[in-house]
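Chemist: Read off the chains here:
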Amino acid sequence: MSSTQNSDTTKMKGILTDVTKCIGCQRCVEGCVRKNKLPRDFFAYFKAKDGLSGNRFTSIVKTEGKKPGSISMVRRQCMHCLDPSCQAACLVGALTKRPDGAVEYDESKCIGCRYCMLSCPFSIPRYDYDQPLPLIRKCKMNEECRVKGGLPACVSSCPTGATVFGTREDLIKEAKRRIKENPDLYIDHVYGEYEFGGTSVIYISDIPLGDVLKMPSKEEFDKLRLPQLAKESIPSMVNTWVWVTPFQFLTVSAGLTGVWFVKKRKERLEEKNKKKEAMNKGKEGENE
Amino acid sequence: MNKDGLALKVLKDLMWALCISGLVVGFGRFVYGLGAATQMTDLMPWGLWKIFNMVTGAALATSGFVVAAVIYILQWDKYKPVARFSVLIGFLGYGSSLTALLFDIGLPHRGWHPFFMWNPHSFLFEVFWCVSVYWGVTALELLPIVTERFPFPKVTHFIHEKMLPFVVLGITLSTMHHSSLGSLFMTSPTRLHPLWFNLIMPPQFFISAMGSGLATIILLMIVFSKFYKFKPDVTILSGLAKGSAAFLILYFILRVGDLTYNNKWNYVFGPDFTWESQLFLVEISLQVILPVIIFLIPAARNKIGMLFLATSSAFIGLILHRINTGIIGYFRSSESIYIPNLSEFFICGGVLAGAGLIFLFLVERFNVFTEPDHENLDKHGHPIVEYWSKKEAKSVFLGTQTFKVILIAIIVIPVTWSSFSDQATGSYRPVQQAVSNTIIGADVTRSNLRLDGNLNNDYVMFGHKKHQEIFVKDYQLTEEETCQKCHHLSLPKDNSSNCRLCHSDMGLDTPMFNPERHQSRFESEAEFNKFLEIDLSNGKENYQACQECHKDNMQGLEKYAEKGFNHQAPGFEHAMHGNCLTCHRLIEEDPTKIDSKGNCLFCHKPEQSILLRDKLAAQ
Chain A
26 MSSTQNSDTT KMKGILTDVT KCIGCQRCVE GCVRKNKLPR DFFAYFKAKD
76 GLSGNRFTSI VKTEGKKPGS ISMVRRQCMH CLDPSCQAAC LVGALTKRPD
126 GAVEYDESKC IGCRYCMLSC PFSIPRYDYD QPLPLIRKCK MNEECRVKGG
176 LPACVSSCPT GATVFGTRED LIKEAKRRIK ENPDLYIDHV YGEYEFGGTS
226 VIYISDIPLG DVLKMPSKEE FDKLRLPQLA KESIPSMVNT WVWVTPFQFL
276 TVSAGLTGVW FVKKRKERLE EKNKKKEAMN KGKEGENE
Chain B
57 MNKDGLALKV LKDLMWALCI SGLVVGFGRF VYGLGAATQM TDLMPWGLWK
107 IFNMVTGAAL ATSGFVVAAV IYILQWDKYK PVARFSVLIG FLGYGSSLTA
157 LLFDIGLPHR GWHPFFMWNP HSFLFEVFWC VSVYWGVTAL ELLPIVTERF
207 PFPKVTHFIH EKMLPFVVLG ITLSTMHHSS LGSLFMTSPT RLHPLWFNLI
257 MPPQFFISAM GSGLATIILL MIVFSKFYKF KPDVTILSGL AKGSAAFLIL
307 YFILRVGDLT YNNKWNYVFG PDFTWESQLF LVEISLQVIL PVIIFLIPAA
357 RNKIGMLFLA TSSAFIGLIL HRINTGIIGY FRSSESIYIP NLSEFFICGG
407 VLAGAGLIFL FLVERFNVFT EPDHENLDKH GHPIVEYWSK KEAKSVFLGT
457 QTFKVILIAI IVIPVTWSSF SDQATGSYRP VQQAVSNTII GADVTRSNLR
507 LDGNLNNDYV MFGHKKHQEI FVKDYQLTEE ETCQKCHHLS LPKDNSSNCR
557 LCHSDMGLDT PMFNPERHQS RFESEAEFNK FLEIDLSNGK ENYQACQECH
607 KDNMQGLEKY AEKGFNHQAP GFEHAMHGNC LTCHRLIEED PTKIDSKGNC
657 LFCHKPEQSI LLRDKLAAQ
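Keeping their order, the protein sequence lines are chains A and B.
The first sequence begins at 26 in this note's numbering and counts up one residue at a time.
The second sequence begins at 57 in this note's numbering and counts up one residue at a time.
Everything labelled a hint here was simulated from the structure, so no lab data went into it.
Among the clues, some could well be false.
Covered, in the sense of this in silico footprint (three residues per stretch, anywhere, with C-beta under 8 Å from a C-beta of chain A), are these stretches of chain B [claimed, not checked]:
id, stretch
1, 342-353
2, 404-410
Pairs of lysine to aspartate or glutamate residues, derived as DMTMM-like cross-links and limited to a Cα-Cα distance of at most 20 Å, are as follows [what the hints assert, rightly or not]:
id, chain 1, residue 1, chain 2, residue 2
3, A, Lys-248, B, Glu-536
4, B, Lys-134, A, Glu-292
5, A, Lys-243, A, Glu-206
6, B, Lys-136, B, Glu-332
7, A, Lys-46, B, Glu-536
Partner residues are not named here, just some residues of chain B that face chain A (Cβ under 8 Å, in silico) [to be verified]:
id, residue
8, Gly-89
9, Thr-97
10, Leu-99
11, Ile-161
12, His-169
13, Phe-184
14, Ser-188
15, Leu-220
16, Met-232
17, Pro-396
18, Leu-398
No residue lacks a Cβ here, since even glycine has one placed at the ideal position from N, Cα and C.
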């Protein structure tokens with residue numbers, strides 16, 4: 026149905042972020058800003074707690090670290106889901122999952138309804154609220170790299186190698202290798218491998234990332250009574266309702282016409298009967 | 057037409073005022089952008105205009121299709137008197153919602169895109185198509201009301217005869233988009249509070265819209281009967297009330313069924329009891345329990361007062377349900393709240409007031425509450441209706457009301473604009489300025505970094521490698537440990553080390569400004585302090601500007617003040633760097649020489665700095 030299911034998900038490009046290696050230097054943010062020629066945005070962290078805004082496609086969020094009193098830094102960016110909720114939500118099809126892994130935004134189609142912002146489970150898409158004619162703004166996963174090869178600006182500017190770029194398959198292997206090599210440090214979970222049907226941007230970490238990434242754990246999904254979302258995407262969960270509508274169109278219109286027809290026919294029959302009775306009465310009168 | 061009562065006159069004037077202020081704010085929204093006109097944020101992207109005007113407004117305007125189904129399909133002729141009225145409510149309700157959406161969506165000039173660029177997977181796509189086509193259908197259904205008063209009866213007759221397919225299409229589209237409006241919120245399962253999120257939202261929205269839509273017709277009939285002083289037919293109203301009760305009970309079963317099936321009762325009465333649970337209880341009792349109890353008691357159902365109470369409760373309950381689902385249910389997950397500001401209310405009320413004015417106009421000038429008599433036909437077989445006279449047309453556009461409206465506009469426009477532009481410019485609007493391509497702190501070898509601490513585009517060259525070397529040489533640290541000296545990794549609340557943490561001599565007095573020497577010019581310390589008005593450590597307001605005394609030997613200070621600097625220095629550091637160095641850097645021939653007054657080392661004697669540094673290291 027969606028473009029993703031036709032193409033090979035293993036060949037898709039992705040980004041792996043290792044939270045334990047991040048020192049919070051914000052160079053990824055800077056690289057992104059320079060690459061996309063974004064304006065300054067001093068107020069990003071005041072607009073939203075996670076620091077993403079219409080002028081910041083990636084940001085560093087500080088959370089409590091593993092040791093009491095310490096802090097950890099988590100990079101936030103578009104997760105580039107395998108079956109994105111925004112793609113299913115956009116009414117003009119401006120957001121599409123490309124076969125090379127990125128969720129791309131077509132500026133020329135967008136009408137600015139902001140439904141993608143509402144339906145993204147990670148609340149990633151941001152908006153140019155300061156512009157009179159605004160557009161949706163989010164990470165583009167650097168189109169040049171996806172086509173020609175090379176690294177996205179955020180990955181190439183990372184000094185510690187906390188964030189790496191590659192095919193999704195390789196990245197998951199690498200993530201699992203790191204966890205296996207250092208089981209005491211890492212939590213044994215690759216964030217984004219299965220949640221919401223899987224994402225192209227995945228995380229490994231020494232602290233639970235559920236709150237930061239807005240990616241609930243299995244227990245939290247169970248608590249929300251949505252256990253299927255730990256493996257399935259949102260569009261696949263609600264897709265049945267999309268097909269209800271055309272069916273509804275046919276049945277309701279047919280039903281209404283049917284009811285109207287039956288009612289009319291009854292009326293006509295009654296009228297005919299009345300006429301007949303009247304005729305009969307008339308004839309009887311003549312006979313008398 | 058009978059003359060308007062005082063209440064109606066005041067209501068009309070208020071509506072005009074609201075409508076005009078809405079237009080003014082709408083103009084402002086396109087000048088300053090959504091950020092200035094609304095309180096919507098990235099985390100709460102859907103605000104009052106979408107949730108209240110569109111989602112709620114659509115639900116309250118359902119009357120059109122329910123009554124159409126009753127009259128045209130089921131052919132219950134008893135309800136014919138409310139036919140035109142309810143279709144009109146539907147038409148105006150949807151019209152006002154679509155108008156509000158034009159202000160809400162970012163690029164309204166692309167509003168036609170969904171007609172050509174399809175994404176059938178989208179729930180919003182379904183809503184868009186159904187709502188826009190349905191609006192067209194209601195307009196067609198309403199056309200006879202307008203055309204029957206103009207002298208082309210054939211058109212009227214034609215539309216009247218060929219009504220059925222449109223009615224069927226209208227009803228079908230209505231059932232479709234009401235369920236789609238519910239499914240809009242199904243795409244955010246983890247963000248919407250579990251009390252409002254469930255996987256059977258489409259039928260819930262559809263059924264609750266029908267129940268409350270019927271209640272809304274009753275409510276409006278009662279209100280308008282008060283304004284226009286006629287007596288509503290209680291049998292019709294109580295009949296509608298029975299239908300409304302049936303839908304509301306069905307809705308209640310669906311809602312409670314979801315809570316039971318998914319085992320969500322712990323959110324209502326249990327360990328997860330929060331303010332959302334209280335809100336849910338208020339909502340469900342207003343929307344369903346109170347109206348259903350009243351509707352089910354025949355004695356209460358036949359009293360206008362009780363009907364008014366029940367229907368207004370259902371009306372408010374529905375608004376509460378839609379706002380809870382669309383706005384308040386998202387508060388907890390997005391960790392932010394949304395409270396609409398004045399300009400949002402202006403547009404929200406403005407479009408409703410506009411719809412209300414059109415409604416009153418149609419009610420007064422056309423036959424909305426009565427249909428033309430189809431028994432007495434003229435010789436062509438058309439019903440006899442009084443056509444519009446020239447005098448009536450003239451009174452519409454050149455009556456006293458016109459002058460009143462102009463007067464209202466003269467008062468309202470400046471008031472609204474002043475209040476709006478305060479809102480727009482009061483919040484800080486950053487200048488959109490692309491970051492220059494100069495590399496900031498991104499030297500790969502990291503030998504030199506350019507720091508811009510106060511973000512004023514003036515960079516300081518920071519010898520990163522040099523600092524590392526000093527640490528290795530002077531303090532016997534390993535290479536890895538040198539990093540930690542400034543980058544206190546994983547220290548709580550550590551942003552980035554300030555240079556002053558080590559170079560604490562940066563803010564101290566230098567030999568350049570020598571208090572003792574200054575003091576020696578005065579007779580006593582007290583007099584000197586009196587001259588300075590304070591002791592020196594007490595804030596910048598109390599400092600005497602240097603040029604107060606040194607008028608002759610500190611020339612060019614006026615120029616310096618012209619540049620926009622404050623000539624009153626907030627501290628010694630600023631006094632020296634700002635008042636002296638700014639010009640000396642330019643005046644001196646070669647600032648790189650140590651004995652030049654433009655060089656740092658002229659004041660910051662190297663020996664002194666090193667001494668201080670060692671003193672700090674010993675601590």
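Chemist: Decide, hint by hint, whether the structure agrees.
Modeler: Hints and how they fare:
1. Three residues within the 8 Å Cβ limit are the bar, and the stretch 342-353 of chain B against chain A gives 0, so the coverage statement is violated.
2. Counting residues of the stretch 404-410 of chain B whose C-beta lies closer than 8 Å to any C-beta of chain A gives 0; at least three are required, and the coverage claim is violated.
3. Of the pairs offered as hints, the one joining Lys-248 of chain A and Glu-536 of chain B is violated, with about 45 Å between alpha carbons and a cut-off of 20 Å exceeded.
4. Restraint check: the Cα-Cα separation between Lys-134 of chain B and Glu-292 of chain A comes to about 16 Å, which is no more than 20 Å; the hinted pair holds.
5. With a C-alpha separation of about 24 Å, the suggested pairing of Lys-243 of chain A with Glu-206 of chain A is violated against the 20 Å cut-off.
6. For the proposed pair Lys-136 of chain B and Glu-332 of chain B, the alpha carbon gap of about 42 Å is over 20 Å, so the pair is violated.
7. For the suggested pair Lys-46 of chain A and Glu-536 of chain B, the alpha carbons sit about 15 Å apart, so the restraint of at most 20 Å is met.
8. Given the 8 Å rule on beta carbons, the hint for Gly-89 of chain B holds: about 5 Å separates it from the nearest Cβ of chain A.
9. Given hint, Thr-97 of chain B at the interface with chain A, holds; its Cβ is 6 Å from that chain's nearest Cβ, closer than 8 Å.
10. Satisfaction of the interface hint for Leu-99 of chain B is found here, the shortest Cβ-Cβ separation to chain A being roughly 6 Å, below the 8 Å cut-off.
11. With 8 Å as the threshold, the beta carbon of Ile-161 of chain B comes within range of chain A, its nearest partner Cβ sitting at about 5 Å, so the hint holds.
12. Taking 8 Å as the C-beta contact cut-off toward chain A, the hint placing His-169 of chain B at the interface holds, the least distance being around 5 Å.
13. Contact between Phe-184 of chain B and chain A, as hinted, is supported at the beta carbon level, the nearest pair being about 6 Å apart and thus within 8 Å.
14. A hinted interface residue such as Ser-188 of chain B counts as satisfied when its beta carbon comes closer than 8 Å to some beta carbon of chain A; here the least separation is about 12 Å, so the hint is violated.
15. Restraint check, Leu-220 of chain B versus chain A: the minimum CB separation of about 7 Å is within 8 Å; hint holds.
16. Among the interface hints, the one on Met-232 of chain B holds; its C-beta lies about 5 Å from the nearest C-beta in chain A, closer than the 8 Å criterion.
17. About 14 Å separates the beta-carbon of Pro-396 of chain B from the nearest beta-carbon of chain A, more than 8 Å, and the hint is not met.
18. Because the closest C-beta pair between Leu-398 of chain B and chain A is about 17 Å apart, greater than 8 Å, the hint is violated.
Comparing the model with each earlier hint shows violations of hints 1, 2, 3, 5, 6, 14, 17 and 18; every other hint is respected.
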